[in-house]
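Protein chains in written order, with this note's numbering: chain E, 1 to 340; chain D, 341 to 680.
No wet-lab data here; the hints were simulated from the structure. Virtual Cβ for every residue (Gly too), placed ideally from N, Cα, C. There could be a bad hint or two in this list.
With beta-carbon atoms standing in for the labels, derived distance ranges [as the list claims (entries may be wrong)]: (1) E/7 - D/344: 37 to 45 Å; (2) D/643 - E/157: 26 to 34 Å; (3) E/239 - D/487: 40 to 48 Å; (4) E/323 - D/486: 55 to 63 Å; (5) E/327 - D/353: 25 to 33 Å; (6) E/55 - D/632: 54 to 62 Å; (7) D/404 - E/117: 43 to 51 Å; (8) E/42 - D/557: 26 to 34 Å; (9) E/296 - D/399: 55 to 63 Å; (10) D/535 - E/7: 29 to 37 Å.
2 protein chains.
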Amino acid sequence: MTLKAYGEFDLIQRIRERIQGDDPDLVIGPGDDTAAVRHTPGSLSLLSTDTFVEGLDFLEEFSSWHQIGWKCMAANVSDIAAMAGRPRFALVSMCLPDETEIVAVDHLCDGMVDLARQYGVLIIGGDLSGTPGPLTISITIMGEVAPNQVIRRSGAEAGDRICVTGELGGAEAGLRLLQASTDEPLNGILPDDYANVLSRHRTPRPRTEEGRIIADSGCVGAMIDISDGLSADILHIGKESGVGIALDASRLPLNTAAARTASLLEIDPISLAMNSGEEFELVCTVSRAQADTLCQKVYDETGTRMSVIGEVVPQALGNTWLHGNTTHQLNAGGYDHFRK
Amino acid sequence: MTLKAYGEFDLIQRIRERIQGDDPDLVIGPGDDTAAVRHTPGSLSLLSTDTFVEGLDFLEEFSSWHQIGWKCMAANVSDIAAMAGRPRFALVSMCLPDETEIVAVDHLCDGMVDLARQYGVLIIGGDLSGTPGPLTISITIMGEVAPNQVIRRSGAEAGDRICVTGELGGAEAGLRLLQASTDEPLNGILPDDYANVLSRHRTPRPRTEEGRIIADSGCVGAMIDISDGLSADILHIGKESGVGIALDASRLPLNTAAARTASLLEIDPISLAMNSGEEFELVCTVSRAQADTLCQKVYDETGTRMSVIGEVVPQALGNTWLHGNTTHQLNAGGYDHFRK
Numbered sequence: 001m002t003l004k005a006y007g008e009f010d011l012i013q014r015i016r017e018r019i020q021g022d023d024p025d026l027v028i029g030p031g032d033d034t035a036a037v038r039h040t041p042g043s044l045s046l047l048s049t050d051t052f053v054e055g056l057d058f059l060e061e062f063s064s065w066h067q068i069g070w071k072c073m074a075a076n077v078s079d080i081a082a083m084a085g086r087p088r089f090a091l092v093s094m095c096l097p098d099e100t101e102i103v104a105v106d107h108l109c110d111g112m113v114d115l116a117r118q119y120g121v122l123i124i125g126g127d128l129s130g131t132p133g134p135l136t137i138s139i140t141i142m143g144e145v146a147p148n149q150v151i152r153r154s155g156a157e158a159g160d161r162i163c164v165t166g167e168l169g170g171a172e173a174g175l176r177l178l179q180a181s182t183d184e185p186l187n188g189i190l191p192d193d194y195a196n197v198l199s200r201h202r203t204p205r206p207r208t209e210e211g212r213i214i215a216d217s218g219c220v221g222a223m224i225d226i227s228d229g230l231s232a233d234i235l236h237i238g239k240e241s242g243v244g245i246a247l248d249a250s251r252l253p254l255n256t257a258a259a260r261t262a263s264l265l266e267i268d269p270i271s272l273a274m275n276s277g278e279e280f281e282l283v284c285t286v287s288r289a290q291a292d293t294l295c296q297k298v299y300d301e302t303g304t305r306m307s308v309i310g311e312v313v314p315q316a317l318g319n320t321w322l323h324g325n326t327t328h329q330l331n332a333g334g335y336d337h338f339r340k
Numbered sequence: 341m342t343l344k345a346y347g348e349f350d351l352i353q354r355i356r357e358r359i360q361g362d363d364p365d366l367v368i369g370p371g372d373d374t375a376a377v378r379h380t381p382g383s384l385s386l387l388s389t390d391t392f393v394e395g396l397d398f399l400e401e402f403s404s405w406h407q408i409g410w411k412c413m414a415a416n417v418s419d420i421a422a423m424a425g426r427p428r429f430a431l432v433s434m435c436l437p438d439e440t441e442i443v444a445v446d447h448l449c450d451g452m453v454d455l456a457r458q459y460g461v462l463i464i465g466g467d468l469s470g471t472p473g474p475l476t477i478s479i480t481i482m483g484e485v486a487p488n489q490v491i492r493r494s495g496a497e498a499g500d501r502i503c504v505t506g507e508l509g510g511a512e513a514g515l516r517l518l519q520a521s522t523d524e525p526l527n528g529i530l531p532d533d534y535a536n537v538l539s540r541h542r543t544p545r546p547r548t549e550e551g552r553i554i555a556d557s558g559c560v561g562a563m564i565d566i567s568d569g570l571s572a573d574i575l576h577i578g579k580e581s582g583v584g585i586a587l588d589a590s591r592l593p594l595n596t597a598a599a600r601t602a603s604l605l606e607i608d609p610i611s612l613a614m615n616s617g618e619e620f621e622l623v624c625t626v627s628r629a630q631a632d633t634l635c636q637k638v639y640d641e642t643g644t645r646m647s648v649i650g651e652v653v654p655q656a657l658g659n660t661w662l663h664g665n666t667t668h669q670l671n672a673g674g675y676d677h678f679r680k
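With the hints as constraints, model all of the structure from the sequences given.
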């Protein structure tokens, strides 16, 4: 059954049932002019919004609706993680073409709710609209953080180490594999590698717990999550902090499955690690003396590897990456919505 | 110049300059992973989101981009007014087709900012995306309210009077006039009427101040703003409160210019008042003994007329509207995004 047969208010009711949940700080949930929430006294509210357009940000051929919903919510939760915050509440707007299947909306909501529940997030409102264009999902997330724990992009200092959680390249490798496989089924990829990079592309896991440990350490100056690609996102830290960035390609934690995928697809593995977007790993700058200790601590407490991949330098030294004995200029290689 | 010639990050920078402003409670503004704000201690945060799609919710032929921006922000502010809250901060997501003129984006932002500034709202973040579909604007607004002042849809009681701020019909009359005038210029409309109904359609003014006075009175059980039309919106109060609604058509405060427009266009004026959407007037239920006093108080303090238009009845009596000596069943006649 498609939306055409369904009224707006019936669909709202159907969605409300799927998203429902409790939170002691939720005073008014979906169904009034606004939602109303209480705050942890003294905390700051963190607010961010991210929009996803079918055909640009996701494809029905590459992911299930459940996975699409999961990933849209994950991208928002990741922004809260990048501020070292605790995600709390979300609002979801959807523009739905007439021919959208009701079951697709069901699965989309279920995917959002699954990610949200695992991260302590409750969907408390939203908006539905028709559209003659592509299905579009816009999520606004609200989190909270103690004022002395929030980590901005602007706190990096020359001499700091640059660290990254997890591994890189998997999300882009998964996407490339799907793109390559639409022409003909791809041989030569190991089943485990296939599952690994596809899950990195389809169902990323934001690093909220790692972000909290990083904030607790008190030795981190700046942080961002990798949504556009490491090269683009680390340069945001450089710009906002007024410093230069020096990455060491030999230290990039390239995902092994991504490396084998890159080899199969004849993609440069370093470029993959540098520019893979939607990784949702955290990049942070850590005072030199404490970087190794923090990496160990994050690993011990969460099982997530954290690696030193470079250092912050004075702005006059520019932005570079070292490959073998050669130093290259570091440019943003990530995704830009308007320049194609 | 169109967006194609512009990069995403240049456009973000351009927009940031247009929206910038200060608020003592804004700790982190646009340009980080999230914004961060402080709260008035003990207040509740009100959160709501509204999406607007070109071709469905607005037309470039009918309004300037400045007016479109104004109205999108007004609709969001109105939701805060409907909870008797104070609007504070907004996040704006825009999906922009490649061929969008940069100057259109400028005017859109200026319109949002103009409305926002007049109502004490600061834009603190957002997201930009391309789209192969229509230009789409999604705004999330955050407001605040003291817990004992918030007014929900669910507090109406049988015996309460139903009151509405301002006048009705103007927004729909303005839209109808624009629709009629695209075929041939319309004769017979007075210039003042034309200006009046067009401004009601294009640049509505949310009733935040009236909402505050209504909340202060302590005698209002339920409130909603008119976005889908009086008939649809008052039935939300009825449903959420478990009561019936009895409107009196003779008491509807029909906008005089709208009445003359209705006559010219051969539209039923009562239907116009009942179903005109995007009026952004407040409808509330007031204890019987205090309704007239509250109407007078709102008028004295704001210059906005407030009228008694019916009463809340036991649910068993159903939903009705009285016209002359005849009682009709009251049905939602407003806008539904999926049923056309």
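Hint check, failures only: 2
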